[in-house]
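Protein chains in written order, with our numbering: chain A, 1 to 428; chain B, 1 to 71.
If you are wondering where the hints come from, they were derived from the structure by calculation, not from laboratory data. Any given hint could turn out to be false.
[Claimed, not checked] Once the Cα atoms are required to be at most 20 Å apart in a straight line, the calculated EDC-like pairs of lysine to aspartate or glutamate come out as:
| id | chain 1 | residue 1 | chain 2 | residue 2 |
| --- | --- | --- | --- | --- |
| 1 | A | Lys178 | A | Asp381 |
| 2 | A | Lys178 | A | Glu257 |
| 3 | A | Lys178 | B | Glu13 |
| 4 | A | Lys178 | B | Asp8 |
| 5 | A | Lys178 | A | Glu329 |
[What the hints assert, rightly or not] Only some residues are given here: those of chain A computed to face chain B with a beta carbon under 10 Å:
| id | residue |
| --- | --- |
| 6 | Lys178 |
| 7 | Pro179 |
| 8 | Gly340 |
Every residue, glycine too, gets a C-beta built ideally from N, C-alpha and C.
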Amino acid sequence: MSAPGHLPRLLRGVSADRRMSHEDHEREHGRLPVPDRASASGLIDEVELAGLRGRGGADFPTAIKLRSVREAGRGAIVVANGAEGEPCSTKDRLLLESTPHLVLDGAALAAAAVGAREALVCVPEDNDAALRSVAASIEERPRETRSAARLRLRPVPHRFIAGEESALVNHLNGGPIKPTLVPPRPFERGVDRRPTLVSNVETLAHLALIARHGGDWFRGLGTAAQPGSALITLSGAVARAGVYEIALGMRLVDVVETAGGLTERVGGVLVGGYFGSWIAPGELSAITFDDLGLSRFGAALGAGAFFLLPATACGVSETARVIAYLARESAGQCGPCTHGLAAIADAWWRVAAGRGDGRDTERVARWCAQVRGRGACHHPDGAVRLLASALTAFAGEVDLHTVEGRCSAQQHHPVLPIPVPPAEVSAA
Amino acid sequence: MSARLRVDPIACEAHGLCAELFPERIRLDDWGYPIIDPDPIDADLIDHARRAVAACPRVALILDEDEPGAH
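Bound-form chain B, shown alone:
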């Protein structure tokens, strides 16, 4: 299984919770908007990613999770 994070830049309002909850893969730019590491997220980090997604007050953080064998 592979998973990738992306952000809806129109919805994002720079609350910054995602970078606090998942600093391993998300950092903030000079204006507080998230810069997301495009690499796939391994199983050991997936819970952190899900927590960051759930915490976003704008529902702007999206985790694309492929089903095994879907591709």
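Chain A extracted, bound-state conformation:
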């Protein structure tokens, strides 16, 4: 058994290019206590003691979610959310490809805890390695762990919005992968109108370890407000980009050190992915992996994606590319998001290209205020949060673009990953 306060936890025995078999999994983590209904409420108590919160970006207390579904009535179902639409995040993918039995243990435990007979494991349909890994792992699970709940693989479209709870449920119900008006929330009426627990695959993987070692063990790492470890995806100007398991509260610069250090000077840090916030480079050493620390910068961990922008790149242009991407990825259902993000993206392109002026920045500010909170989901809110943070973190550069029409960046090769729209893929 792994000692408390010791890393790695989830990534024990993991290597990126290999799937851990069930045998490997039990050798690293020990046998899973067979999940049943009797032990289920005990597990929810342990999760509450652990203080585990959702690791898909919403940071909601997992014990409350489990209880809500358990109490919502009969016929519950579990959805293991591995859709991971965030382009800067690959942590869910690593779990599904390399240590899938932790996720499956967690899904089976969650099913027992809420009284579900079935758990759907959602994997991006374009990720063959993850699809194969999950399919093979479901197949090889021993009979006694299988009997508790039936695990099924569900390929889902790989879109930014796919991980949004209500969009995922809508898709699993045969509808488009687009959000629905909530309430009712999935825990009240979700897949097949049943009470539905939608939980991120990393959250479920933590559940698998809490069931083995207990809530006190989980709290042996992390902060009082955010206990435990978490997976983060580190990329950009760092020697070894990739997924790292950190104790919540750790400093970014220490993890960068572990990752081989910076490859060049940094011009800004994107915290929390494309719904996240830019932090100015002067604050680099003050960035910690916890929401209390990050709240000083108006930022949050989100799904744990961190991008170190090289100082030679242009933060204004990079933000323009992301906003254009988010506008394109709008589900196109709500007017303020459809029209607002498109208008904001156009105006910000002009600014980034040095063709914008004070009227564009005024319009952008007005439109950002207008679209915030006016979608059925939080898509417009995330986009305008990112833009607002860019206005602060790159204030000098924004002025240079709008007042003098120029940019101090030394290169204009795009650095942030932007997925190619599906239409262009099929045309290729």
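With chain A held as given, fit chain B onto it using these hints.
Below, chain B without anything else, positioned relative to chain A:
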């Protein structure tokens, strides 16, 4: 009794009748979609709110009215 207006942003198609009928609490954004004042609606304005709700061709405007003593 307290009442609050909200809109179903998926159903709304920016017909704009609500803002014409209830300008005290509803204004339109730059694309014609309603921005709704979140404050509770007092008894003197409740009929205006109900009229706006009834006029929406998309049934996208919702008036949540609490029964007295429900909360």
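Hint check results:
1. Annotation: proposed proximity of Lys178 of chain A to Asp381 of chain A holds, straight-line Cα distance about 16 Å (limit 20 Å).
2. With a CA separation close to 40 Å, the supplied pair Lys178 of chain A and Glu257 of chain A exceeds the 20 Å bound.
3. Proposed proximity of Lys178 of chain A and Glu13 of chain B is supported: the alpha carbons are some 17 Å apart, at most 20 Å.
4. Pair hint Lys178 of chain A plus Asp8 of chain B holds up; C-alpha atoms about 15 Å apart against a cutoff of 20 Å.
5. Restraint check for Lys178 of chain A and Glu329 of chain A: satisfied, since their Cα atoms lie roughly 10 Å apart, inside the 20 Å limit.
6. A distance limit of 10 Å between C-beta atoms decides the matter here; for Lys178 of chain A the minimum to chain B is near 8 Å, and the interface restraint holds.
7. For Pro179 of chain A, the interface hint holds, the least distance from its beta-carbon to any beta-carbon of chain B being 8 Å, beneath 10 Å.
8. Taken as an interface hint, Gly340 of chain A checks out: its beta carbon lies about 7 Å from the nearest beta carbon of chain B, inside 10 Å.
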